[in-house]
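Enquirer: In case you want the letters, here they are:
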Amino acid sequence: MALSKEELKAAMIEKATKAPKPQLYVKDFYKCDPDTKPRMIKNVANELVKEGELMFWSSGSTTMYARPDRIKNEEARDDAEEHKND
Amino acid sequence: MPKHDTPLLDELEKGPWPSFVSDLKRQAETKPECWDILGQLELSYKDRITHWKHGGIVGVFGYGGGIVGRYSDVPKQFPGVAHFHTVRLAQPSGMYYATNKLRGICDLWEKYGSGMTNMHGSTGDAVLLGTTTENLEPLFYDLTHIENQDLGGSGSNLRTPSCCLGKSRCEWSCYDTQALCHHLTMHYQDEIHRPAFPYKFKFKFSGCPNDCVAAIARSDFAVIGTWKDDIRIDQAAVKGYVNGEFPSNGGAHSDKDWGAFDIQKEVIGLCPTECMWMEGDELKIDNSECTRCMHCINVMPRALRPGVEQGATICVGAKAPILDGAQFATMTIPFLEINADNEFEEVVEQIEKIWDWWMEVGKNRERVGETIQRVGLPTFLKIMEVEPIPQHVKEPRSNPYVFWQDEEVPGGFERDVREFRKRHAQ
Ligand code: SF4
Ligand code: SF4
Chain A
1 MALSKEELKA AMIEKATKAP KPQLYVKDFY KCDPDTKPRM IKNVANELVK EGELMFWSSG
61 STTMYARPDR IKNEEARDDA EEHKND
Chain B
1001 MPKHDTPLLD ELEKGPWPSF VSDLKRQAET KPECWDILGQ LELSYKDRIT HWKHGGIVGV
1061 FGYGGGIVGR YSDVPKQFPG VAHFHTVRLA QPSGMYYATN KLRGICDLWE KYGSGMTNMH
1121 GSTGDAVLLG TTTENLEPLF YDLTHIENQD LGGSGSNLRT PSCCLGKSRC EWSCYDTQAL
1181 CHHLTMHYQD EIHRPAFPYK FKFKFSGCPN DCVAAIARSD FAVIGTWKDD IRIDQAAVKG
1241 YVNGEFPSNG GAHSDKDWGA FDIQKEVIGL CPTECMWMEG DELKIDNSEC TRCMHCINVM
1301 PRALRPGVEQ GATICVGAKA PILDGAQFAT MTIPFLEINA DNEFEEVVEQ IEKIWDWWME
1361 VGKNRERVGE TIQRVGLPTF LKIMEVEPIP QHVKEPRSNP YVFWQDEEVP GGFERDVREF
1421 RKRHAQ
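Chains as they are written, first to last, in the working numbering: chain A, 1 to 86; chain B, 1001 to 1426.
Note that these hints are calculated values from the structure, not bench results. Be a bit skeptical, because a hint or two may be false.
Unchecked claim - Once the Cα atoms are required to be at most 25 Å apart in a straight line, the calculated SDA-like pairs of lysine to any residue come out as: (1) A:Lys-72 - B:Pro-1138; (2) A:Lys-15 - B:Pro-1138; (3) B:Lys-1284 - B:Ala-1320; (4) A:Lys-21 - B:Arg-1070.
As the list claims (entries may be wrong) - Label-pair ranges, simulated between beta-carbon atoms: (5) A:Glu-51 - B:Pro-1390: 34 to 42 Å; (6) B:Glu-1395 - A:Asp-35: 38 to 46 Å; (7) A:Asn-43 - B:Gln-1405: 33 to 41 Å; (8) B:Asn-1135 - A:Ser-59: 44 to 52 Å; (9) B:Val-1308 - A:Pro-68: 34 to 42 Å; (10) B:Leu-1102 - A:Pro-68: 31 to 39 Å.
C-beta: ideal position from N, C-alpha, C; glycine also.
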């Protein structure tokens, strides 16, 4: 049986928090509940963006989803890296 | 911002044609960041590598598309283009703009961006090139509130649908391309603005097989106008062409004297399926063999017209060469009615059949055409509930195996192994 919307949201947040890479494709969320239709998962992912739990991250040609704090950490690390030799 | 020496780019100002280098230099007089575009491009020409990098958290609130993040990888050398994001604007169907709209957009772009535009990008959008992250939200606010102008699609979204000018100006249009394009743009707002798919997905609409928006080469879902019945022939006008009363091709080749019109050489001999002939001074067409290439109609528009039972052919899966080779779309549904009265229900149904399947089966960054290639056309046709016809076959088979489906075999593939072992000892 498909998860309820709240359960699905919780599973998706957990996935985005624990995945090895902070950026996920919408498809990576399908595994959170194989019984929910992909278009529904996409809608829930977008709801999570509206709620601030996820954010969009663009690679230029593909748009991915990520937890905002993980991206902030990654960017801070990149900045530190860039200024190491200043 | 200082000017940079650009000897390599300066070469592109020579010759009689317009030069983007001259345009950029002129623009740099009021938008000094344009000097840095020229500087960075000169460096790229020297290094033979791009100095742009993509990606990041660029966007406007609530939208997961429409802005393409672009950064310089040499920002200290060229601070004017450290951030230089691209903004895509959804173009109107058929690209009809009022001049005051274009002026309004340009004024906003002078205010918030580099002033450089690209009309239009290959997806169809009006493209605004080069602004900073801080300017994105104010620009978006003014675009939507003053100009009533939305952004287009990017990333793994549905890309801004685009169409030919169709019935608004073209007598050959077999359906109202603008109406369908506009309807689907409104219907799929969410898919345009937020990532929905394994990769990008494009709709393009052409009113006839001349395919002026190159839908067959550039879109995942190409809707190309066609007709079911016979090409309409006005035999008196055919005679007119033969007697030289009307110029062929609507006079398009009249800049040179190509000699007298020769219907045998220029029309009948060029019909790809050889389905035309003359009987006395009457032109005959075997319409069951006509592949709707439009050639004869293009040459003699007064004499020949598409039939009256009009609709569209749906071709699926074109793409540019980025990951694999370039690929044309495959003809999937030979004829589909295009009906505005039921809000194009038939078209929507086909689109969603593809999406439901591709979203599940497609791999990340795989266009639907590549998914079809991977699983094979027969599987895709089954998903689309289309019976295969000879036109689906690209070449004679070279694979000696025949695959049967469960339902095609008497008794199916179910068997009693114990019963089988009794006769075939292990
Ligand atoms: S695709 Fe056909 S209908 Fe559309 S503008 Fe071109 S010729 Fe006309
Ligand atoms: S449309 Fe093309 S295939 Fe059909 S009759 Fe004319 S030239 Fe031949």
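Enquirer: So which hints don't hold here, by number, going up?
Expert: Those not satisfied are hints 2, 3, 5, 8 and 9.
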